[in-house]
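*Asks:* The chain contents come next:
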Amino acid sequence: MSEAPDPAFDNERVMAEIRDEVARRRAAGDFPPSLERELDLAFDRYVPAGSVSSDFTEAVRAADRAAYINVAVPTESQKPGVGEVKRVLRKVMAWYLNYLAQQTTAFATASVRAMRSLGERLEMVEEQLAELAPARDDAADRPPIAPDLGPWAGLCVECLPRRGRVLHAECGDGALLRSLVEAGVDVYGVEPRGPLVDAAAAAGLEAWPDDPIEHLSAVADGYLAGLVLSGCVDRLALPRQRRLIDLAAAKLAPGAPLIIIATLPQAWTTSVAPLEADLAPGRPLHPTTWAHLLGRSRFADIAVQDGGDTSAVTAKRSG
Amino acid sequence: MSASAVHQVIPSLVRWDAIGNHSLQVQSILREMGLQSEIYVNDVGPEYTGKAHFFDRYQGQPGAWLMYQASTGSRLASWFAQRPEPKLVNYHNVTPPQFFERWEPWLADEMVDGRHQIAKLAGVARHGIAVSRYNEEELIEFGYRSTSTSPLMVDMSRFDTPSDPTTAGWLDRQRERGGIGILFHGRISPNKAQHDLVKALVAYRRLYDPRARLHLTGGASSGTYRFALRRFIGEEDLWDAVDLAGAVSSEELAAYFRGADVYVSLSEHEGFGAPLLEAMFNGLPIIAFASSAVPETVGDAALLLTDKSPGVVAAAIHRVATDSVLRTSLVEAGRRRLAELDLSRTRASMRTTLSKILEERS
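Going line by line, the protein sequences match chains A and B.
Take the first sequence: its position 154, counting from 1, is numbered 134 in our numbering, and each next residue is one higher.
Basically our numbering = 1-based index in the second sequence + 34.
Heads up, some of the hints might be wrong.
Among chain A residues calculated to face chain B with C-beta under 7 Å, some are [claimed, not checked]: (1) -11; (2) -9; (3) -2; (4) 1; (5) 2; (6) 3; (7) 8; (8) 10; (9) 11; (10) 16; (11) 19; (12) 27; (13) 36; (14) 39; (15) 56; (16) 139.
Rather than coming from a laboratory, the hints here were simulated on the basis of the structure.
Here the structure is a predicted model, which is why all the values come from computation and not from measurement.
Think of the CB as a built atom: it goes at the ideal place given N, C-alpha and C, for glycine as much as any other residue.
Work out the full structure, taking the sequences as your base and the hints as a guide.
*Replies:* Encoded structure:
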């Protein structure tokens, strides 16, 4: 303990002594950590659930706890005489409050029961939906091997405009990006596999680590002057492939070109790594199928070009 | 063109509100500087009806600047942003919405709006004056290019009053029964963490002083939080030990400050923390959780905690209550710190800040 007034006492020293004191009292069993935990839990019981961060079960539990209306209001008071007045009031009003509380409790209990039943049904629906939902495409399930898009560089350079932003998704290690930049295209790329996007960025290309669908979802409508899709188009499940086309239609400016570089289904299992082929949630589509889907969306001037194991489908966003 | 007037815009001007009082001080400084200065509000308390005008009565004048006292979301912010006059923002901080999300979602939304509004004003304000360095850092994060800090001006004249005799008498009788009195003054609000004070009281009564009492003064910002606090107090069987006094008059507040043994703040968010200065003014030793602007406001005049687990807070209260040397050091440090933040000094700081801004940016 300090012995004389210290004009600027040492906060750290005093706090260290306090922590020692706490440790000593805890070791002696005077104030076990479990009591602190109990205090936390005691207050947490009154923290409302149902906020954004809490789950449905917690919210229903909280509603359940709150459903019981206790008419035994606390009557203690530090002020003289007030406690006695409160006790008299409680006694006098008990018949009235009990009558109301019984009805309110019955209503609250019935509501919670209905909510619980609704929750159970919702859970069943969610389980069934989960079975129907396509498997997720996870970049971690694919080796970081850059696809060879070299044969299509000439076509891309020819189709893509020199004004406006162009996106290549997925851009791999940026080989096609480089050809396009050299040709004067204002292009950037996204690629979900870290090592590949790092390689592209290290080469001075504008490449971002992102999932193609998530990235396209965040792009402003009509912003893109051109779009090249590769890689992702081969692996995604059909609903996601359709979603990709819808996004392309939304994000491309009228008249802007779309180029889909896709692996042919018959060549796919031999042209990608076994890990990627086995764990992919979907399979490549035939180029004619891509053309059909584009035709049903907002695209025109659709053309297919074959090139060995891969093909390119080109189209223009309708005006 | 040099400024001939600086008018203030403040969402609400009510008695004994720290920001309202600060605005009145700013007005007095501006008038001392020879400038015209009026206060325009959205909402005014009855005691200030002659001192403020409703904002929709404002008519622009050549050479006038506007200064927004920013502390909450308000429709005034949009009105202020659209005015053509050169603008200043005096930032008092907006409570981060996460404190209210679980308790009062609508209030949390208002806080989100408030923070967005203040961030938007970065584009139109010529300068942002923060009442603490902590707040200035937020202004910089919001994108303000020109900022400075001038402390909150806290007028202690509210304590130039005798204690309310009924409250003082009741507190005296409690003291006679033994046990120390712990005080915290501030709105009942999740970010002020009054529930942590109740937990600390449980620990303190169990470990050191079974007759200790906790006095919580201040109205409620969140009815849901206050209700939970009441239920928690009931569950811990502390109705005879915890006094939820609610909003109190100046005389009652004086009685509480004068009748307490220690001031404890476990608040998790303060843009400045005016009641800490009030505790210093009333000669109370302070124990405070070192969050947000609290360390900056108290300087070395508080026992600062980085851990507010109930056992640690209880041991800190016990230490301050029983170590007279430490207690004296804290009280004396409080007086020194208060002298540094004395109204004459904070007024001088604000005057220098305003003069510099008006000179440089006119």
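*Asks:* Next item in the hint list is residue 139 (chain A). Is there a CB on chain B closer than 7 Å to its CB?
*Replies:* 40 Å, violated
*Asks:* Holds or violated: is the Cβ of residue 1 (chain A) closer than 7 Å to a Cβ in chain B?
*Replies:* 5 Å, holds
*Asks:* Given residue 19 (chain A) as an interface hint, is the shortest Cβ-Cβ distance to chain B below 7 Å?
*Replies:* Holds - the Cβ of residue 19 (chain A) comes within 7 Å of chain B, reaching about 5 Å at its closest.
*Asks:* Residue 3 (chain A) was flagged as interface toward chain B. Is the shortest Cβ-Cβ separation under 7 Å?
*Replies:* For residue 3 (chain A), the interface hint is violated, since the closest Cβ of chain B sits about 9 Å away, which is over 7 Å.
*Asks:* Using Cβ atoms only, decide whether residue 56 (chain A) comes closer than 7 Å to chain B, and label the hint accordingly.
*Replies:* 4 Å, holds
*Asks:* How about residue -11 (chain A): closest beta carbon in chain B under 7 Å, or not?
*Replies:* 4 Å, holds
*Asks:* Holds or violated: residue 10 (chain A) as interface residue toward chain B, Cβ cutoff 7 Å?
*Replies:* At 6 Å from the nearest chain B Cβ, residue 10 (chain A) passes the 7 Å test, so the hint holds.
*Asks:* Quick check on residue 36 (chain A) please, does its C-beta sit within 7 Å of some C-beta on chain B?
*Replies:* Hint violated; residue 36 (chain A) Cβ to chain B Cβ min 15 Å, cut 7 Å.
*Asks:* May I ask you to test the interface hint for residue 16 (chain A) with respect to chain B, counting a Cβ-Cβ separation under 7 Å as satisfied?
*Replies:* Cβ of residue 16 (chain A) sits 5 Å from chain B, so the hint holds.
*Asks:* Please verify that hint: residue 2 (chain A), Cβ, nearest Cβ of chain B, below 7 Å or not.
*Replies:* 5 Å, holds
*Asks:* Would the stated hint for residue -2 (chain A) survive a check requiring a Cβ distance to chain B of less than 7 Å?
*Replies:* Interface hint status for residue -2 (chain A): holds (5 Å vs cutoff 7 Å).
*Asks:* Is the interface hint for residue 11 (chain A) satisfied, with its Cβ closer than 7 Å to some Cβ of chain B?
*Replies:* Since the shortest Cβ distance to chain B is 5 Å, the answer is holds.
The structure does not agree with the numbered hints 6, 7, 13, 14 and 16 stated previously, though it agrees with the rest.
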